[in-house]
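Asker: So the chains spell out like this:
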Amino acid sequence: MEQAPLNREGTPSIQEALSQAEQEHWLERPNAPLAIRLASFVLDLIFIYLFIHGQHRLLQALSIYSATSTQSTLFLLNPFFLGFVDIFVRTSFLFFYLVFSVSHFGGTLGNLLLGLRVVDDQSGRKLSLARSTTRLLFGVSTNLLSLSVAMSRPDGRTLHDLLSRTIIKKIRGRA
Amino acid sequence: MILLVPTSPEVPRFHRPTWGVSWIVALLLIVCYVQFYPTVQADQDYIDHFQGLKEDGFLKDPAAEAKYLSERPLLSLTISPKSWSVERAIFSNFIHGGALHLILNLIGVIAGVRICTTFIPFLCTFSIFIVGGTLGLLSSIWITTPGVGDYVPHLGASAGLFALMGTYYVYNFRFRTSYFFWFPSKHGQISLKTSWFFFLDVILLELLLSTAQFLPSSFDGVDHIAHVGGFISGCFLALALRAFQRWPSMLQTRGEFLYWTTFLGEKLKSSGFDPVQATFVGWMELLKINFFNDQLKSKLARHLANHSASFSDEQIKAAMRFFGPTFIRLFPADMASLIQALNQNKQSLPLEWLKRIPYDNIICISKTLATSKENEGDILILVSSYQRAHQSNKRLSQRLEVLIKQMEKVTPNRLQASGE
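Taken in sequence, the protein lines are chains L and D.
Using this note's numbering, the first residue of the first sequence is number 1, and each one after it goes up by one.
Using this note's numbering, the first residue of the second sequence is number 176, and each one after it goes up by one.
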């Protein structure tokens, strides 16, 4: 297979050559089995639920304290402000967990724990932030249909994988 | 809630915890539950009567209510914020408010005692359970907001259970824990670093939920503060025990510790008084007992790197049998230093090791070496050696050939200077 160097203007550095070798290696790895992807999805749901539930309970407790306290409280404990903080923290967390981590680390926490990586289906590279966001939006809008497509395909790719031109590889364990 | 169930430290099969001793504690809890069940029932009836009196208007002021509640039957066995003693605090660990409460704590205690006896004797485990649990319960009644549940009994074995979890956390902080992932798959076991994942799995949620307990209206009937207090107490007790035992930080299991304290001295004497060889023999002997111990492997790798000229090819080959894919993935810097040192002394990497290691490990080590330009020659030697070991795999060989050609374009001058 011919490999074009990453730095098209000259000789790639050793780091670039190794990164390219790593990306090719990921492409050669087997596709993640559907069962492992489902397990990773369940793990992600648990982590997301725990964080959101935990921070919601914490803010709810602060809100109750603010409402029931007879002493004057700081503005930061004002229920309206806490509501705003609640929405901001949740949105930031979901962005970081579902978009940034896929782009920067190659997968969500559930993916990484089970040895999975989300990569471009042609080059094996990690996704940019924009592509990671697009993939998530496809995933959210197609969900069950996406799953049924994966079950009918030999390579196990979901509909949102096909639409965003990505693939999930199992990078640890036997090939 | 525990996300993944911790089943064992990541240790060889013969070190894995057994079920035997944990049934002793379970039996004790069951016997206490049966013995004091009438008191628990009487307390429930007493509270029902109290509710009735309150609704009928017989208890008109808070002082009268408090006086009535202070005489509830369960407080003769357990503690509350306004009624406690050290003896009752200890006894509270063995009292449970219902069958479900008992069953849930039984599961946890059986698992906790089982997992802790991998590294400490049963008596130490049981002592930590009692002392840590008592401290956890006491911390809960001392920290509880005054006026909220002054006469609500704090009871159960969960504070002791969290003390055992704290003990496990301290002893296995630098190692990994095997978790059972309850998803039905043959991949149901995952090993993760205890330091961060165990904390996340066991205690982080408890910390969050315990903040709610400080407020006038608590959200659930679970004493989260006692859990956190028990965990912290368990950590401190474990640290004290380790200091008393003079437990070296790189040892994980009881087997290794016993060997270290009892037999290793004789073995080292027989290798002469050469400190380099004695250290090598020591790490190798301990790794034969627990080949999952990454701390020992890291020490061995660094020792080999610092004194590679003192070791024969056979010794290096024997040592590198312990450096598997997981260790390389977690400690690439140690492997990179070792490979650098071997190259400097013109010692070749063992062929068996190269054949065993997957390609991504070679990339991982190479990326670590590539942080410094001076190591580029070492990367080339490593990749070339790997290619020679995998000549039968044509596909891999071709990919390695492409990689070598790309690297040779960068490093020809340096290779000429080094005489390659």
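Be a bit skeptical, because a hint or two may be false.
As the list claims (entries may be wrong) - Cut-off 35 Å, straight-line C-alpha distance, at most; resulting in silico cross-link-like pairs (DSBU-like, lysine-lysine):
#1 K584(D) with K126(L)
#2 K463(D) with K126(L)
#3 K170(L) with K463(D)
#4 K170(L) with K492(D)
#5 K257(D) with K170(L)
#6 K229(D) with K170(L)
#7 K242(D) with K170(L)
#8 K242(D) with K126(L)
Stated by the list, open to error - Stretch-level coverage of chain D by chain L, calculated; a stretch enters the list once three of its residues show a Cβ under 8 Å from a Cβ in chain L:
#9 269-282
#10 287-297
#11 577-584
Treat the hints as calculated values from the structure; they're not laboratory data.
Since the model is a prediction, treat every value here as computed from it, not as a measurement.
Don't be surprised by glycine CBs; every beta carbon is placed ideally from N, CA and C.
Asker: All hints are to be evaluated individually against the structure, with a verdict given for each.
Answerer: These are the hints, each one checked on the structure:
Restraint check for K584(D) and K126(L): satisfied, since their Cα atoms lie roughly 26 Å apart, inside the 35 Å limit. A distance of roughly 40 Å separates the Cα atoms of K463(D) and K126(L); the hinted pair therefore is violated under the 35 Å criterion. Our distance criterion of 35 Å between C-alpha atoms is met by K170(L) and K463(D), whose separation comes to about 31 Å. A hinted pair counts as satisfied when its Cα atoms are at most 35 Å apart, and K170(L) with K492(D) qualifies at roughly 30 Å.
Of the pairs offered as hints, the one joining K257(D) and K170(L) is violated, with about 57 Å between alpha carbons and a cut-off of 35 Å exceeded. This hinted pair does not check out: K229(D) and K170(L) have alpha carbons roughly 63 Å apart, beyond 35 Å. Straight-line distance between C-alpha atoms of K242(D) and K170(L) comes to about 65 Å, which puts the hinted pair past the 35 Å bound. Between K242(D) and K126(L), the direct Cα distance comes to roughly 67 Å. Violation of the 35 Å bound is thereby established for this hinted pair.
Counting residues of the stretch 269-282 of chain D whose beta carbon lies closer than 8 Å to any beta carbon of chain L gives 0, which falls below the threshold of three, so the coverage claim is violated. Counting residues of the stretch 287-297 of chain D whose beta carbon lies closer than 8 Å to any beta carbon of chain L gives 0, which falls below the threshold of three, so the coverage claim is violated. Coverage of the stretch 577-584 of chain D by chain L holds [criterion: at least 3 residues with CB-CB distance below 8 Å; count 5].
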